[in-house]
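**Q** Start from the sequences and build out the full structure, keeping to the hints where you can.
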Amino acid sequence: MEKFNSINGLQEFRSRLLAQFDPRVPTLVISAGTCGQASGANAVIRAAKRVLLRKGPACGVRLRVTGCHGFCAMEPSVLLEPRRTFYPKVGPDDIAAIIDAAERGDIVESLLFVDPQTGARIEKQDDMPFFKGQARTIIGRNEKIDPIRIRDYILNDGYLALTRALGEQNSGSIVEEVTASGLRGRGGAGFPTGRKWGLFAAQRNVSGKYLICNADEGDPGAYMDRSVLEGNPHSIIEGMTVGAFATGATEGIIYIRTEYPLAIKHLRIALEQAREMGLLGENILGTGFSFDISIVKGAGAFVCGEETALIRSIEGHMGEPRQRPPFPIVKGLYGKPTMINNVETWANIPIIVSTGARQFAERGTEGNSGTKIFSLVGKIRNTGLVEVPMGMTINQVVRDIGGGAPGKRKIKAVQTGGPAGGCIPVSKFDLPISYESLKAAGSIMGSGGMIVMDDSTCMIDVARYFMAFLKDESCGKCFTCRKGTQRLHELLEDIILGRGTPEHLTLLEELGQTVRDTTMCALGQSAANPVLSTLRYFREEYERHINDKRCDAFVCKQLTGAPCQAACPVDTEPWRYVALVEKGDYEGAYRVIRSANTFPAVSARVCDRKCESRCSLGAGGGEAVAIRALKRFVTDRVDPSVYRPEPAQDKGRKVAVIGAGPAGMTAAHQLSLLGYRITVFEAENISGGMLTCSLPAYRLPRDIVEKEIESLMNKNISIEYGRALGKDVTIQSLMSQGFEAVFLAIGAHESLRLGLENEDVEGIFPSIEFLKDFNMRGKELARGHVGIIGGGNSAVDAARIALRQKDVTGVTLFYRRTRDEMPAHEEEIEAALEEGVRIETLVSPIKVHAGEGRLAGIECVKNRLGGIDASGRSTPVPIPGREFKVDLDTLIVAIGERPGSGPLASMGLEVDKGGRVKADRKTLETSMKGVFAGGDLVTGPNTVIDAVASGKNAALVIDRFLSGRPLVEPAKPKLPSVYIEPAVFEESEEAPPRAVPASLPPSERVMNLREVESALTEDQARMESRRCLRCDLEFTMEQPAEKTAGAAIGGVRHD
Amino acid sequence: MINLTINGLAVSVEKGSTVLEAAQFLGFPIPTLCHHEGLTPYGACRLCVVEIGEGPGARLVSSCTYPAEEGLKVRTASERVVRARKMIIELLLASCPQSKVIQDLASAHGVRTQRFRQEYEDCILCGLCVRMCSEQMMAGAIGFRGRGTERSIGTPFDVQSDVCRFCGGCMHICPACQLRCTYNQPEKAICNACANLAPPCIEKEQYGDMMCYMNPCVACEIK
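Protein chains in written order, with this note's numbering: chain A, 110 to 1164; chain B, 182 to 404.
Quick caveat, the hints were computed from the structure, so don't treat them as lab data.
C-beta atoms are modelled at their ideal positions from N, C-alpha and C, and glycine is treated no differently.
A hint or two may mislead.
As the list claims (entries may be wrong) - Lysine to any residue pairs mimicking SDA-like chemistry, simulated, CA-CA at most 20 angstroms apart:
1. B:K196 to A:G444
2. B:K254 to A:Q432
3. B:K254 to A:P435
4. B:K196 to A:Q432
As the list claims (entries may be wrong) - A few chain B residues that face chain A, going by a derived Cβ cut-off under 7 angstroms, partial list only:
5. C226
6. T246
7. G291
What the hints assert, rightly or not - Some chain B residues near chain A, calculated using beta-carbon distances under 8 angstroms:
8. G238
9. R261
10. A265
11. F325
12. R332
**A** Quick look at the structure:
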């Protein structure tokens, strides 16, 4: 390697390299950072080398092995220069095809990246959503450079900044340049780099000055520094050398984690090369300026990222922070002035000095210039390193670049700044990212970790995880940090184990504040952030854990028990009846189902299966146990008479229930068992509520509903049909007739309106009216081409019912988001498509066209998905100019329902804007004493099982009310309590796939109302029940006496 | 000389003094645990925190380690300081309830309840013994090991130290009575110094060759 004795020598060398370099030659660039290698980049590189060797020198394709390109989710990835074709997840077998194509100047279409949003293939890296929004000034250089070849670096303007700096007469101008750039410390604190340099340069008349590169990157989930060190080590060396020249430092040290072997290797090689070429060491480039850099490996203590602890660590002491002042700038390593900057800060220096401060400051915002690299990880589609201009919103990073949450999950929060950072909730996602804004939101920039969390993340668990990390990584010097983190962890553990009390929250807050206030270093001062920030934004989640003993993310085991059981609104024990089916005890299984659920046969058909969505088998990547199908199997087989509870003796007290739907009938039944006399008032002439008027018979045959309700009747219940609230009875009249309590469960029977002109012309029907007329009166309102607006279950029901009406020629459903977001059950959508319903997504109606007082058609606009709204889903945004017209004969509006609560308001009940009666979530109390409300009337349109749950709760609450007890009782976690012998398995037995019940073929079901789905066969059911993982056993098996720690709150009173 | 104000009173102190020294010069009481006049300040127990600065920039610092700075405004008993101090004492009490020193502190600051899970530890890791050993006794026989919850004090690899002269200085200076309480478990004592000295109390016959330097001897008091 040649050694340069002058600045000109290096520049001539660069010109020579440039002249030799032909940018048109196709080059395979393989991303091979530690992460790339872990996902198989080495095999790809070997394969590529083999192919190139075989082809010999005549082959016109070159290979470049580089550091990380940033798109971790797609590793190992290959980039084809100069076309910039991006091949994701390349296997060793794909390489030959890619090289062959590259030689021809072609690409391999089938290996290209597929955009999950549009399904289209994207060729060029720069067109991909992940890369498009980024400004990759630092990380983008990785793909240009083979980190172990200094020529690559020099070719790409490497050491240009050094030559510029050394050419300056006055080193102060470099400090001014850095100051003017507005660069701030990328390690997290955000101290203006230029100011630091100025202070450091001002330390004169000392015998030695140190520069340190802080590469002790310890945040879990953050690895941008590693990628820069691995992919572009010369940029750090150049940055430090320029810094040394500008500030008069004599020696440089890179303090790096031992856990980064590849980075250390590349740094070593780079330092060696730089020294050999005269770019480092004595008399750099013949200018008389000397500076050298050595590497110190850290032993992996998180606290050594703190500058004073880092200095002590280099000195050979224990990594313990000390009091500042004196600051290291004045008195640092070995008592000498020392300046410490983060890896990313150093990597910015060559860019600023070579291209100028002004160009650098153009990026980002006032006071927060330049770009910042974030490592975007967690529950997000595109994990990877993301470099964006400062001031970009979190939404843009998470949604546009990160691609949102995978699957149907909803993003809940993002955790920034590593363990000592905080969680920012989705409601604050429009926050532009800057040092100040994140701090104001209770988090910190930190080194740039960004962990995305969705609704399957429990925030208390997250806080506990970080506290566990911090209590182990606190150096332990400050009593409040050592003991404080330990105690905070203990308190969180208590909450997670179901021992939380409201006092835990007070104590968490008080202690968190003390830890923040009284510790010495930044680690301690921010150690309480995970707790304080989650408490600030997710207090409800804490309260839910403490007061209701529930973890809605199903993470905290002691509060969840068996997930299927915890998910069930009516507290069924699915694991138990599944186990009984396995044993062949179908009657026992029926009793388990019926004891919790008053509508077993109905639920077996139309339940939304919260149990299955939480089944551990499904969560682990497999298919959930077909719990509902097993319930159907049991309820089809067993007669309801096996479970017939006898009502208690008549107490002679009267309760009125309004509405004979699932909520009302459940409450009536449960109360009757307790000995109350119940009168149910029903407006229609038939009971069942929504079950009969809205649900189609092909899903829920009428006789099933009748039989089910019949089985709930006993001598304490009477139903009065045709008696509507507000018309025939009022709350006041009931009270005067001696009813001591009233339970309102009249459902939600008014369809929402589109709010468009011409909405009342003939041919447009609200979905409820349409369904009721058909289901209860047999009237067929639809004809011709039918349009349905909406994407929920009632929209799909309406579509399938319309298809069964004789004058209908076709049915099209219009939904404003994509199919992934449709709230209707997946299998209902599937069935509708099978039967011939067309579904148009990303479409909103904007106009209704009418001719002669009749519907003629609608005008729609195409949408695209925008940012995430408060519900965690993407908002549809209309695309201007993409309007189109559809001719329709019938339009059914199924965009939701609201309770018809007009008469209730006039009776003195408080009703909200959506027509829902205001009732306490737990006690169901309304604004009138003795009047309770539940079901859809309170929640708006909801599922059958939630209505049943509400009815069950109403019975409990009304009983407590009438017997003068407190309405709420302290909650207990719902844990499995009965032990049932698990099934015996043969070693060789393979797990069968999920059982699918037989169903009518589409051709046989369109023109009639026969039930589409049938029950599982006995063999199927027995097999299916064996698939259950039996999560309950963890709680019911005899456990060896375990020593459990006492509660974190206990304490002693000393008075 | 450096001029600063403490609780509104102006004071001038020598350059290099700490805020604690300045406050003590004026007679403002600041409780301490890990501080000792003859040893270098360490700042471990955080009991001596005071509030400096004003407005949103105000913060708490340990007065024993914070240097007196020109124009500094210090409050030694602001609401924030008192709240923090009480919580620190509550934490201490939760860990080391048997220490007379900590009990006295709790009493003096009106801390009457302790809400955490009760522990019975015998060390608060204030580091007085470590500094005593190296700075006054010039031995350096004991030191800190580990970090976080694993942090403890002892000799390297738990082997009896060659440089320990059994002076008992570590026991003498301990505020949490670790060494007082391990008198009858010689294998647990840090330096085994007590094993070489004559016993003052009659109860310790079975350890006839031991003596405790404490005055009063807490071992004897506890019984």
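**Q** Would you mind confirming whether the straight-line C-alpha gap from K196 (chain B) to G444 (chain A) stays at or under 20 angstroms?
**A** At roughly 18 angstroms apart (the allowed maximum being 20 angstroms), G444 (chain A) and K196 (chain B) satisfy the hint.
**Q** Is it true that the CA of K254 (chain B) sits at most 20 angstroms from the CA of P435 (chain A)?
**A** Satisfied, since the Cα-Cα distance of roughly 18 angstroms is no more than 20 angstroms.
**Q** Less than 8 angstroms between beta-carbons is the criterion; does F325 (chain B) satisfy it with respect to chain A?
**A** holds, 6 angstroms
**Q** Quickly compare the C-alpha distance for K254 (chain B) and Q432 (chain A) to 20 angstroms and report which way the hint goes.
**A** Cα-Cα ~18 angstroms, so holds.
**Q** Next pair to validate is K196 (chain B) with Q432 (chain A); report whether the Cα-Cα distance is within 20 angstroms.
**A** Status holds; Cα separation ~17 angstroms.
**Q** Does the closest beta carbon of chain A sit nearer than 8 angstroms to the beta carbon of R332 (chain B)?
**A** holds, 3 angstroms
**Q** Per the CB criterion, is R261 (chain B) less than 8 angstroms away from chain A?
**A** holds, 7 angstroms
**Q** Using 7 angstroms as the Cβ threshold, decide whether T246 (chain B) counts as touching chain A.
**A** holds, 4 angstroms
**Q** Measuring from the C-beta of A265 (chain B) to each C-beta in chain A, is the shortest one below 8 angstroms?
**A** Because about 5 angstroms separates A265 (chain B) from the closest Cβ in chain A, which is inside the 8 angstroms limit, the hint holds.
**Q** Would the stated hint for G238 (chain B) survive a check requiring a Cβ distance to chain A of less than 8 angstroms?
**A** This interface hint is violated because 14 angstroms lies over the 8 angstroms limit.
**Q** Quick check on the hint: G291 (chain B) CB to chain A CB, less than 7 angstroms?
**A** violated, 10 angstroms
**Q** Is the shortest C-beta separation between C226 (chain B) and chain A less than 7 angstroms?
**A** For C226 (chain B), the interface hint holds, since the closest Cβ of chain A sits about 5 angstroms away, which is under 7 angstroms.
Going down the numbered hints, you'll see the structure goes against 7 and 8, while the others check out.
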